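Line by line, the protein sequences give chains A and B. Anchor point for the first sequence: position 193 equals 193 in this note's numbering, and the numbering is continuous, going up by one each time. Anchor point for the second sequence: position 124 equals 124 in this note's numbering, and the numbering is continuous, going up by one each time.
The set of hints was computed from the structure by calculation and includes no laboratory data. Any given hint might turn out to be false.
Which copy? The list can't say, so a pair holds if one copy fits it or any two copies do.
[What the hints assert, rightly or not] Here are the simulated DMTMM-like pairs of lysine to aspartate or glutamate, each with C-alpha atoms no more than 25 Å apart in a straight line: (1) K93 with D64; (2) K201 with E170; (3) K125 with D46; (4) K146 with D37; (5) K95 with D64; (6) K146 with D136; (7) K125 with D136; (8) K146 with D115; (9) K93 with E80; (10) K95 with E84; (11) K158 with E42; (12) K125 with D155; (13) K158 with E170; (14) K125 with D143; (15) K125 with D115; (16) K95 with E162; (17) K41 with D155; (18) K158 with D64; (19) K95 with E80; (20) K158 with D205; (21) K125 with E42; (22) K93 with E63; (23) K93 with D155; (24) K201 with E80; (25) K146 with E63; (26) K7 with E42; (27) K7 with D205; (28) K7 with D37; (29) K158 with D183.
Computed from a prediction, not measured in an experiment: that's the story for all the values here.
Protein chains: 2
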Amino acid sequence: MSTSTMKIYQAVGSPNSRRVRIFIAEKGIDIPTINLDLSTKEQFSDTYSAINSRNVVPTLVLEDGTSIGEVPAICRYLEEMYPEPLLLGSTAKQKVLIGMWDRRMEQEGFAAVMDAVRNSLAGMKGRALTGPHFYDQIPAMVDRSKVRVTNFYTDLDKRLSESPFTAGNEFSIADITTICTIDFATRALQMPFPQTLTAIKRWYDLVESRPSASL
Amino acid sequence: MSTSTMKIYQAVGSPNSRRVRIFIAEKGIDIPTINLDLSTKEQFSDTYSAINSRNVVPTLVLEDGTSIGEVPAICRYLEEMYPEPLLLGSTAKQKVLIGMWDRRMEQEGFAAVMDAVRNSLAGMKGRALTGPHFYDQIPAMVDRSKVRVTNFYTDLDKRLSESPFTAGNEFSIADITTICTIDFATRALQMPFPQTLTAIKRWYDLVESRPSASL
Chain A
1 MSTSTMKIYQ AVGSPNSRRV RIFIAEKGID IPTINLDLST KEQFSDTYSA
51 INSRNVVPTL VLEDGTSIGE VPAICRYLEE MYPEPLLLGS TAKQKVLIGM
101 WDRRMEQEGF AAVMDAVRNS LAGMKGRALT GPHFYDQIPA MVDRSKVRVT
151 NFYTDLDKRL SESPFTAGNE FSIADITTIC TIDFATRALQ MPFPQTLTAI
201 KRWYDLVESR PSASL
Chain B
1 MSTSTMKIYQ AVGSPNSRRV RIFIAEKGID IPTINLDLST KEQFSDTYSA
51 INSRNVVPTL VLEDGTSIGE VPAICRYLEE MYPEPLLLGS TAKQKVLIGM
101 WDRRMEQEGF AAVMDAVRNS LAGMKGRALT GPHFYDQIPA MVDRSKVRVT
151 NFYTDLDKRL SESPFTAGNE FSIADITTIC TIDFATRALQ MPFPQTLTAI
201 KRWYDLVESR PSASL
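Only chain A is shown next, with the shape it has when bound in the complex (with noise of 0.2 Å):
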């Protein structure tokens, strides 16, 4: 199905647009793509700067021009206007559940390898925070994230050892957030998850390989 009326504004190598890329291709959907090149910092020129004030990607622009930014806002719009397949869940109760179980997935994991990330890459010097302003690195952040990931590893084993999927007995958003924050740490920090930990095993080659995980 194609949606020429709406465009994303994404990066390849951006992880925040990695979950949105799944999202869509687990939606069956086509949506026409702006790639930016953070590596020229491309997110700062003026063009970008009016499409997203936060200067971060992905960004989804709608047939009006109104610019959607944050990814659980992004998705969100795509659920409502292509509702199959539901990712985001179908009654009120299974929508909280699976909005608390992927911002906990955040929170836990994406946030904590971000941080890792952003406060110890040479090329993060003075991007130690994503957004608009400039932030130093702070590198007593970097050991102490990295123990933020063992713990969400941990604790990720343990809930997928009581639950099919990561929100409960169906694939939903929150699964695209954790394979995320997985492939994340296995690429940038070399912390992939410890195969002693079955249940996220169990999980990942499930998850792993659905065709949205490859892009």
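Put chain B on the given structure of chain A with help from the hints.
Leaving out everything else, chain B in the frame of chain A:
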């Protein structure tokens, strides 16, 4: 309106609990409340750990015993059950713009204040991050977080010079997050917004005069 079948666990001094208290007051509903004493670490009791595995407040417990954590998830559930007055938007576009602005206020404002507080207060030693795990304070984060709060105020003033409320023309959940952020910065960091930021002042006087803001 009484909702005697649900209950809410919260703490008086918790700014995340205040966000939900204001939301509930704006809805005009009445939910039985259980207050936790964070000073005695009651959130780590076995009873509460079973209710909220992250050991954070607030939690909404539904009539069937389901626990809903995370402020946006709790508010979303209440919005679905008690739509009037709408605080999360009516159209799909309005819903996601409110979600986007609420999240920006959280990430750029609320989280910055929280980081400054948790990494500096003597009573927060070993509790530098919310959640079930214990992390040491990082003193370097205090100054950086205070700079973030200053930048947040400047950005917010620009936004409120272009928009009557945080997320557009109507009062919404994003305004609740914003006033809780400002009042938390004022109380815990002695960082009120500068009175020279007249767009914030116009907005603050309006929102602070609502009966819900006294909670």
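Subject >> K95 and E80: within-copy, between-copy, both or neither at 25 Å Cα >> reply: both (13 Å within a copy, 10 Å between copies)
**OP:** Can you give me the call for K201 and E170, within, between, both or neither, at a CA distance of at most 25 Å?
**Re:** This pair counts as within: shortest intra-copy Cα distance 17 Å, inter-copy 46 Å.
Subject >> Intra- versus inter-copy proximity for E63 and K146 (alpha-carbon distance at most 25 Å) >> reply: neither (41 Å within a copy, 39 Å between copies)
Original post:
How would you label the pair K7, D37 (within, between, both, or neither) given a Cα cut-off of 25 Å?
Top reply: within (17 Å within a copy, 49 Å between copies)
Original post:
Is the C-alpha distance from K93 to D155 at most 25 Å within one copy, between copies, in both cases, or in neither?
Top reply: within (23 Å within a copy, 35 Å between copies)
**OP:** Tell me, please, which holds for K7 and E42 at an alpha-carbon limit of 25 Å: within, between, both or neither?
**Re:** within (17 Å within a copy, 48 Å between copies)
Subject >> Intra- versus inter-copy proximity for D115 and K146 (alpha-carbon distance at most 25 Å) >> reply: This pair counts as both: shortest intra-copy Cα distance 9 Å, inter-copy 18 Å.
Original post:
Is it within a copy, between copies, both, or neither that the alpha carbon of K146 lies no farther than 25 Å from that of D136?
Top reply: For K146 and D136, the Cα distance is within 25 Å both inside one copy (19 Å) and across copies (13 Å).
**OP:** Could you place K95 and E84 in one of the four classes (within, between, both, neither) given a Cα distance threshold of 25 Å?
**Re:** Answer is both: 15 Å inside a copy and 19 Å across each meet the 25 Å cutoff.
**OP:** Classify it for me, K125 with D155: is the Cα-Cα distance of at most 25 Å met within a copy, between copies, both or neither?
**Re:** between (31 Å within a copy, 23 Å between copies)
Original post:
Between the shortest in-copy and the shortest cross-copy C-alpha distance, which are at most 25 Å for K93 and E80: within, between, both, or neither?
Top reply: Classified as both: same-chain Cα gap 17 Å, cross-chain 9 Å, threshold 25 Å.
Subject >> Intra/inter-copy verdict for K125 and D115 if alpha-carbon distance must be at most 25 Å >> reply: Classified as both; 13 Å inside a copy, 20 Å across copies.
Consistency with the previously given hints fails for numbers 4, 24, 25, 27, ordered from lowest to highest.
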